[in-house]
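Novice: Listed below are the residues making up each chain.
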Amino acid sequence: MTISPRDEEKFSRLWASPSGLRGWFTPVNNQPLAKRFIATAFFFFLLGGLQALFMRVQLTVSDNHFIGPDLYNQLFTMHGSTMMYLFAVPLLEGLALYLIPLMLGSRDVAFPRLTAFSFWTYVFGGLLFYSSFFTGTVPDAGWFAYTPLSGPRYSGMGVDFWLLGLSLVEVAGITAGIEIVVTILKFRAPGMSLNRMPLFIWAILVAGVMIIFAFSTLLTATVLLELDRAFGFCFFDPENGGNTLLWQHLFWFFGHPEVYIMFIPATGIISMVVCAVAHRAVVGYSYIVAAIVVTGFVSFGLWMHHMYTTGLPDLAMGFFTAASLMIGIASGIQIFAWIATLWGTRPKMSPQTLFVLGFLFIFVLGGFTGVMVAVVPFDWQVHDTFFIVAHFHYVLIGGVVFPILAGVTYWYPKFTGKLLNHRLGIWSFWLTFVGFNVTFFPMHIMGFLGMPRRVYTYPEELGIDGYNIVATGGAFVMAAGFLLFLFNAWFSRSRGLPAGDNPWQAESLEWSMSSPPPTYSHLRPPIVRSRHPLWVSEALDSRDAAVERVRDGLTCAPLEWRASLVTDALSAQPKAVQPIPGPTPLPFIVALGVLIGFLAVLTKAYLLALPGIAITVVGVIRWFWPNDARIQMIRNSGIGEKTGLSVLPSGSQSTVWWGMLCFLAVLATAFGALGYAYFYLQLFSDVWPQDHLERPALLISGLGLMLILAGAAFARIALHFFQSKRGRPGFWLGMSLLLGLFGFGAYFVEMTRLPFTPQSNAYGSVFWTMSATLCVPIVLSLCFTGGLMRYAKKRWNDPELVDLPFGLTVLLWYGTAVAAATVFAVLYLSPYVI
Amino acid sequence: MRSHRKTLDYAPDSHPTVKRWVSLFSLLGGGIAWLLHLLTIYVISDFGCVAGWGERITFGISVVSWMLLAATVLTGALAAAASWASHYVGTLLWGTAGDRGSVRTETQYFVARVSLLLNGIFAFIILAQAVPIFFFLRSC
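As they're listed, the protein sequences go chains G and D. Every position in the first sequence, counted from 1, becomes a number in the numbering used here once 26 is added. Every position in the second sequence, counted from 1, becomes a number in the numbering used here once 778 is added.
For reference, chain G alone in the conformation it holds in the complex (with noise of 0.2 Å):
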């Protein structure tokens, strides 16, 4: 097929990012908001290395005041959390959001604008955090703020920079990875069937799946933790009914996950390497599919063995000493199977493989002394010394950096279109792997020697100065090879030896494009029909006419707006044609409406977050709300009938249903978080409800209930006329919103008429921040119901119109009938069962 230079030039300026002052606030494609991903994320990094080099001096020798012990807190819990919020889970998403598209063989990713929302509000996150140091209220309660030292008792301002900095960058993280998940499933090429995914994409589904459930727990928590600092609430204040133990629950259930939401994608990133260099397909492909899943699931079982030190049934721990020597099993399969996959083969001893041979070596030194903790008995011993300091930097700087530096190297020619420098590559190596094990691995005996971790000096009676010292001059060396890795990227592209397009003679879609590739992505729709699609002749070619139709339908087309193809998420079989958005300012309005709105709740200047609220709710009306003229242009264009699919598609088709469907699993999370919470709280009191309350009425709650699940059903029956094309859709929808008026109604009575305030013990709280949590999903479903009655007015009559935002707001009524009956069953029913 032939593509005339004109309408490529066309397609070209339709997929372009604006220039000048709007280039930096509103574009939308994946490709330039990836890499500002990845360069605010090495920005980070970079300020997360000064803090660790400045405690590392400080440890250098024994009683050294070089940094007072109120510096050190800071430092090490600004490093901590910038390593872990700020860098290393956003690069990876970074990495992700420009290559799935280029793997996929897709044009962008499944929501642009949230991609760009995603991004604004990683940066406020960041920059509220890092603004403590002009305040003078630097966090220093740690990267993982146990109460009650984070507790409004014992903790200033800097936990609420800490929290709200944290919340941003979770809804960031949530947002990025319900793209990733969406993408994943339904952009995939024509043929790119499950079995055919790069491991790669595997990787990052998985991890994309984890962080929407362990980045929820978080947001959760972070939230009861700030309820408690800014309006007295008691979820964790031992004096009033309160639990300081259930933050550690809380934010383990998140913190756990989150070492292999980070890993994971690593050892995706290792399996493209691996298979590259070695010029090989990995072995045990399935094997490696399924480690990848067991990781995931088992990752969220093992929370509970940061907490052996802190009372807990010996039962207990050992259940969880045994899941957590379990999760090895997992890790053993993909470590056997890039050996395997190595072995025989003969290497290039390039940058990329020896940061794949150095994450092999350390990541399992890391893996040993993960098992050694695992065991409980040994666990007591090393605790909060040095040893776990050392055990968990070889997992993440060689589980997780290592790959990173490793993919850097790998993909670099694809971002750039030139090489990186090989020597300077070789030595920041060499420079950073001999630099890493001198500054850690000295560690392990420091542990063993009785040094404590997070205290800022040690008595020189200890006898560790000589390891210090040791310690402090690695991590200099170590210091200087990311720093000579970062010159190397910053000097090879402009001095860097042209790459070509494929210069590893790799396998996967992204290498079979220019480097750099161009912002649409593919102009003609690929066609996979192998694992491997560039090592496979006639791979690429097709035999369907079907899909031919497809593909011919949308190649350089349209050139009106911008689309990208609908597969099915198992077979990835074509189903639909997504329209896609162009260049808006919207998700940086909306994400400036909420940092606004946090603003206004560390500053307590609580009128300040009218103008945020009222900002994020008018930007996001704007955002959802249907643009008939361009809906029709996107109907006139012809490419429906080209390519024999729908534009316009709706249900399981459309990638909104999808969204929909991962932001219910985000609210679902939260009511298990605040589940969890109420349980908790209660096993741990003498009488419940505490203070001796009475036990909730059920009348009124009973009768809410029913309302909602009325109109819950009635939405349903209007979605079945509608579709069935006889009846009055309209009535019915019209009567679920009254019922859910109602519904809600009573909730509000039953509220006012409650004996006891969130202040007034731990019970309160909780019964309370549950009751509100579940105004979100019930005033989210009358707003949707309200505006498809107002919308689907005049539209009754042009069903495809109508069709996606009711099958919305059915699936939205689905999710608010279970949170209802849920909260019922919690806060109403178990107080008379338990």
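Which bits of chain G does chain D cover? Going by a derived footprint, with three or more residues having C-beta under 8 Å, they are:
(1) 213 to 224
(2) 316 to 327
(3) 348 to 359
(4) 592 to 600
It is worth saying that the hints were derived from the structure and are not from the lab. All figures in this text were calculated on a predicted structure; none of them were measured in a lab. All C-beta atoms in this analysis are idealised placements derived from N, C-alpha and C, irrespective of residue type, glycine included.
Dock chain D against chain G, hints included.
Specialist: Positioned in the frame of chain G, the structure of chain D alone reads:
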């Protein structure tokens, strides 16, 4: 380099159909069993030990241990059943996956194979997590 399948045929082929619930059970059964096992043993050990059930001895071992063993047997059986289901689905699709089958069949076969691995690992983890019970038969 090993051989690679090259199918790109979305037309329905004549492979035996697998019921939707069997496919779903074979995919998710092991994971759900593991999740249920973890939640159950965590809740039983925490609540049971705080409530003093660890000291109540029945037929030689504590009530908590009996409950934990029952939870292990039930969830282990669930994981084993899921493993069998994925093996069944894989066997059913074996003849049609590969060069003669459609992309959909090939994918379903792959999912069945991975599910078998997953369910097997989950069943093993459930058994491993039950080992500590035997060290605390009469206490918490």
